[in-house]
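Engineer: Place chains B and C on chain A using the hints.
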Amino acid sequence: MIWLDTVVQGLLLGGLYALFAAGLSLVFGIMRLVNLAHGDLIIFAAFLILVVVELTGLNPFLCALIAAPALFAFGWALQRFVLNRVLGKDILPPLLVTFGLSVALQNGMLEVFSADSRRIRAGALESASIDLGPVTVGIMPLLTFASAVLVIFALNRIFYFSALGRAFRATSDDAVTASLMGIDPRSVFAIATGLAMVTVTIAALYLGMRSNFDPSVGPARLIYAFEAVIIGGLGSLWGTLLGGAIIGVAQTVGAQINPEWQVLTGHLAFLVVLLVRPRGLFPRAVD
Amino acid sequence: MMQVTVTARTRASTLAGVAALGLIGLGVILPAFASRSLIQDLFFILTMLTLAQVWNLIAGYGGMVSVGQQAFVGIGAYAMFAGVILWGWDPVPAILLGGVAALVLAVPMAFFAFRLQGAYFAIGTWVIAEVTRLLVAQWKTLGGGTGTSLPREATADIIGVDALARLFGLRDAAARDVLAYWLALALAVGTMAAIYALLRSRNGLALAAVRDNDNAARSVGVDAVRLKWLVFLAAAAMTGLVGALIYVQTARISPDAAFSVTNWTAYVIFIVVIGGIGRLEGPIVGVIVFWGLQTAFADYGSWYLLALGLIAIVVMLFAPRGLWGLFADRTQIALFAVQRRLVVENPSATPRKTNGKAAP
Amino acid sequence: MLQTHALTAAYGQFKALFGIDIEVGPGECVAIIGANGAGKTTLLRSISGVLRNVPGMVMHMGEAIGAMPADAVMRRGIAMVPEGRRLFPSLSVEENLLIGGQVRRGDGRWTLETVYQLFPILKERRLSPGTALSGGQQQMVAIGRALMSNPALLLCDEISLGLAPVVIRDIYAALPRIRETGAAVVIVEQDIARALSVADRVYCLMEGRVTLAGPAAGITREAVHAAYFGEAA
Chain A
1 MIWLDTVVQG
11 LLLGGLYALF
21 AAGLSLVFGI
31 MRLVNLAHGD
41 LIIFAAFLIL
51 VVVELTGLNP
61 FLCALIAAPA
71 LFAFGWALQR
81 FVLNRVLGKD
91 ILPPLLVTFG
101 LSVALQNGML
111 EVFSADSRRI
121 RAGALESASI
131 DLGPVTVGIM
141 PLLTFASAVL
151 VIFALNRIFY
161 FSALGRAFRA
171 TSDDAVTASL
181 MGIDPRSVFA
191 IATGLAMVTV
201 TIAALYLGMR
211 SNFDPSVGPA
221 RLIYAFEAVI
231 IGGLGSLWGT
241 LLGGAIIGVA
251 QTVGAQINPE
261 WQVLTGHLAF
271 LVVLLVRPRG
281 LFPRAVD
Chain B
1 MMQVTVTART
11 RASTLAGVAA
21 LGLIGLGVIL
31 PAFASRSLIQ
41 DLFFILTMLT
51 LAQVWNLIAG
61 YGGMVSVGQQ
71 AFVGIGAYAM
81 FAGVILWGWD
91 PVPAILLGGV
101 AALVLAVPMA
111 FFAFRLQGAY
121 FAIGTWVIAE
131 VTRLLVAQWK
141 TLGGGTGTSL
151 PREATADIIG
161 VDALARLFGL
171 RDAAARDVLA
181 YWLALALAVG
191 TMAAIYALLR
201 SRNGLALAAV
211 RDNDNAARSV
221 GVDAVRLKWL
231 VFLAAAAMTG
241 LVGALIYVQT
251 ARISPDAAFS
261 VTNWTAYVIF
271 IVVIGGIGRL
281 EGPIVGVIVF
291 WGLQTAFADY
301 GSWYLLALGL
311 IAIVVMLFAP
321 RGLWGLFADR
331 TQIALFAVQR
341 RLVVENPSAT
351 PRKTNGKAAP
Chain C
1 MLQTHALTAA
11 YGQFKALFGI
21 DIEVGPGECV
31 AIIGANGAGK
41 TTLLRSISGV
51 LRNVPGMVMH
61 MGEAIGAMPA
71 DAVMRRGIAM
81 VPEGRRLFPS
91 LSVEENLLIG
101 GQVRRGDGRW
111 TLETVYQLFP
121 ILKERRLSPG
131 TALSGGQQQM
141 VAIGRALMSN
151 PALLLCDEIS
161 LGLAPVVIRD
171 IYAALPRIRE
181 TGAAVVIVEQ
191 DIARALSVAD
201 RVYCLMEGRV
211 TLAGPAAGIT
221 REAVHAAYFG
231 EAA
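Chains as they are written, first to last, in our numbering: chain A, 1 to 287; chain B, 1 to 360; chain C, 1 to 233.
Same shape as in the complex, but just chain A (with noise of 0.2 Å):
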């Protein structure tokens, strides 16, 4: 009974695994962009929404909703003044750039907001739970899950399904033919960096909600981010969820042997998959 609930909320965990995964998967499908930064934008959008919930005592839910056209703004014009101008064949200098944005965040935070912990408070949700039968689950993780699950539908849906998605999709294949059919792909870019922010807003608020956080947490959300999306395969957006499953899994599972091996696991699955599958298990014909 303790191995099926281990597992259960290892699937739970793997949502909000993949909710830090999302806009990175996005962002790496379509322009191949490391960005280092994203484990510290999505702790940056959590400072936000904190800071929207004290001036405004609304429900996080409500200001994480405020919050996110402000970091789709940011998102756009990050990407459309800044990494536009370093994106290219060579990996270095977005690495660099976004490496740098990285320790940027993190002091610049840490001297607006000081190294204390903070939480969201989310009142009576916190500890909310229900039964389902053979084990009982947190309405929190399954709120996290499913708002994971409806995360990549929704994104799903534009990706392939709607003229963005096509031109997405057109940008990331050819970006010289792309602009042949009249589409910019630096506006391209720069939407699609703004669309990952508004899920970092998504991502930045469960984990808010559910542990708490201070501006140096970040780099290690990016870790967990990163192997959801390369075990799922560049370009698969359920896969990025399968993968965020696999590590959380990985965790619990390891967390339940002894607690000091909760991280390790999950890197040992990340490894372990990418020996048999360098290139992630549902990676795109095209590459």
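Treat the hints as calculated values from the structure; they're not laboratory data. Please note: incorrect hints may appear among the correct ones.
Pairs of lysine to aspartate or glutamate residues, derived as DMTMM-like cross-links and limited to a Cα-Cα distance of at most 25 Å, are as follows [what the hints assert, rightly or not]:
(1) C:Lys-15 x C:Glu-207
(2) A:Lys-89 x B:Asp-223
(3) B:Lys-140 x B:Asp-90
(4) C:Lys-123 x C:Glu-113
(5) C:Lys-123 x C:Asp-107
(6) B:Lys-140 x B:Asp-256
(7) C:Lys-123 x C:Asp-170
(8) B:Lys-140 x B:Glu-153
(9) C:Lys-15 x B:Asp-329
(10) A:Lys-89 x B:Asp-329
(11) A:Lys-89 x B:Asp-212
(12) C:Lys-123 x A:Asp-173
(13) A:Lys-89 x C:Glu-83
(14) C:Lys-15 x C:Glu-83
(15) A:Lys-89 x A:Asp-173
(16) C:Lys-123 x C:Glu-180
(17) A:Lys-89 x A:Asp-184
(18) A:Lys-89 x B:Asp-214
(19) A:Lys-89 x C:Asp-71
(20) A:Lys-89 x A:Asp-174
(21) C:Lys-123 x C:Glu-83
(22) C:Lys-123 x C:Glu-94
(23) B:Lys-140 x A:Glu-260
Sample of chain C residues with no beta-carbon within 10 Å of chain A, all distances over it, derived [said to hold, decoys possible]:
(24) Lys-15
(25) Ala-79
(26) Glu-95
(27) Leu-118
(28) Ser-149
(29) Glu-207
Remember, it's a predicted structure, so these values are computed and weren't measured experimentally. Using N, Cα and C, we set each Cβ at its ideal position, and we do this for glycine too.
Structural biologist: Only chains B and C this time, still in chain A's reference frame:
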């Protein structure tokens, strides 16, 4: 018939070579009159310089962008600690254990990472470094998660410290610093000499070819796989030696510190980027700038780091080849003669030198 | 409608065009012939905005478009069928067509339905990935994709390249229907006979310069030979 030879030497490089010898000589006798804090600063500069040159080799010249070199710093340091604490070695020879341990770790890391490309490779190396850190943190004998220090008996008795103390009239602690400094100087000079030799050799030319276009290089017979393994392993060993040396000086270790992404990868990458990636002169410029910033602004804590991050962004946007790159592009000067040129001699006329620049 | 004035273009230090003057009138069909490396594709890339030049070098309807990026040029009604087809592998046939008309609809004469009427085989394969089709079919998709924006000027870069003669004949059979809607067409071709058979006027390029210009009807084989290969050949 025309005589064609390949040469790399320039006037600037010859001058620089002479100057370098002079600098090294100065460096050796420096402890005779330098203050202790200067020696300590130079230790920091020299060790960071070595790490930066090595990272520049694999990423800038080899095209292997690793974000996991901290694995080798950490394992090197821990191997040295193991030698001292578990087997009673003197810390200085135990440094060699660091190089060996890093080499051993590099084998599975390369085996795994070379299956991956580009961004996947980078993340893969980072994860492996994390796994190493987590595993080492389980090693209770060496302090587990909280770490440990070198035992007093070991640090009090390091080879050569007594002789140094008497030679320079210093106290033991200061003499240890001098010994560490000399080792760092030897390591820095040795590493740069080795890298320079590699780049001047046929393997160096092959490495540049692999970086530019893996498939094309293979099609002309370059054994890209063997070359990358060679460079990666050598880099790991050198990094391991530096890691061990750094922790001989610090004498206190913990997994978080020894495997720190910030100190051993972020700062190193900053140094290479700001100085200029893909050129030997770059890290030298970079480490001086970095040390200068560190000295002037370290008191400002996170403002300093924030500024460092912003500087990295600005440099990559506007000077992607770094400060040295800006300088070299304007003046065409190279201190390390690595760029090959054709010298064409026509027996019926005076010899002419052509600059071997191909059309893009 | 479209003119180039002393158009020059270079790839780094390698100069490809040395002052090209060509003209395309509304509804005209102009052929550009020349050997490999003569600069034909470079010319089309300069017009379509893939290569950026001095603004005044390319004039369209009185507007200087030489320095505009490709997406801005396309929005003004100049569509390109690129060399090598360049369909989007991640998109199906139908999506490839749709994306052609996504940013600009023009006067709406060419739609998904009318393109399928022009190339019926595409309707059968509409859900296949773009690159799963034969060369000839891919060429049809590429042309249809460009038509979806209802361009006033259609640039066709080597549409017969790598195709069997039977297939080429089918593709060229579509040209009259395309011209019926009033679009001007520029055809870059290595197949001289084919080019002369459909064009109103012809330019010949050699090593980045125009060596022959005139109505297709009046061109002799000798003139083409001299212009194509140069007098010394």
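Engineer: What's the verdict on Lys-89 of chain A and Asp-223 of chain B, does the C-alpha distance respect the 25 Å limit or exceed it?
Structural biologist: Cα-Cα ~23 Å, so holds.
Engineer: Looking at Lys-15 of chain C again, its CB stays over 10 Å from all of chain A?
Structural biologist: At about 21 Å from chain A, Lys-15 of chain C clears the 10 Å cut-off, so the statement holds.
Engineer: Within a Cα-Cα threshold of 25 Å, do Lys-89 of chain A and Asp-184 of chain A meet the stated pairing?
Structural biologist: Distance ~18 Å between Lys-89 of chain A and Asp-184 of chain A Cα, so the pair holds.
Engineer: Holds or violated: are the alpha carbons of Lys-140 of chain B and Glu-260 of chain A at most 25 Å from each other?
Structural biologist: holds, 13 Å
Engineer: Taking C-beta pairs only, is Leu-118 of chain C more than 10 Å away from all of chain A?
Structural biologist: holds, 19 Å
Engineer: Taking 25 Å as the top limit, are the C-alpha atoms of Lys-123 of chain C and Glu-180 of chain C close enough?
Structural biologist: holds, 22 Å
Engineer: Is the Cα-Cα distance between Lys-89 of chain A and Asp-329 of chain B 25 Å or less?
Structural biologist: Holds, at roughly 22 Å.
Engineer: Take a quick look at whether Lys-123 of chain C and Asp-173 of chain A sit within 25 Å of each other, Cα to Cα.
Structural biologist: Roughly 23 Å between the alpha carbons, so the hint for Lys-123 of chain C and Asp-173 of chain A holds.
Engineer: Starting from Lys-15 of chain C, check that the Cα of Glu-207 of chain C is at most 25 Å away, please.
Structural biologist: holds, 10 Å
Engineer: Holds or violated: Lys-89 of chain A and Asp-214 of chain B, Cα atoms, limit 25 Å.
Structural biologist: holds, 14 Å
Engineer: Decide, holds or violated, for the assertion that all CB atoms of chain A are farther than 10 Å from the CB of Ala-79 of chain C.
Structural biologist: The assertion about Ala-79 of chain C is violated, with a minimum of 8 Å to chain A.
Engineer: Do the alpha carbons of Lys-140 of chain B and Glu-153 of chain B lie within 25 Å of each other, as the hint requires?
Structural biologist: Roughly 21 Å separates the two Cα atoms, so the pair holds.
In summary, the structure is inconsistent with hints 25, 26, 28 from the numbered list given earlier, while agreeing with the others.
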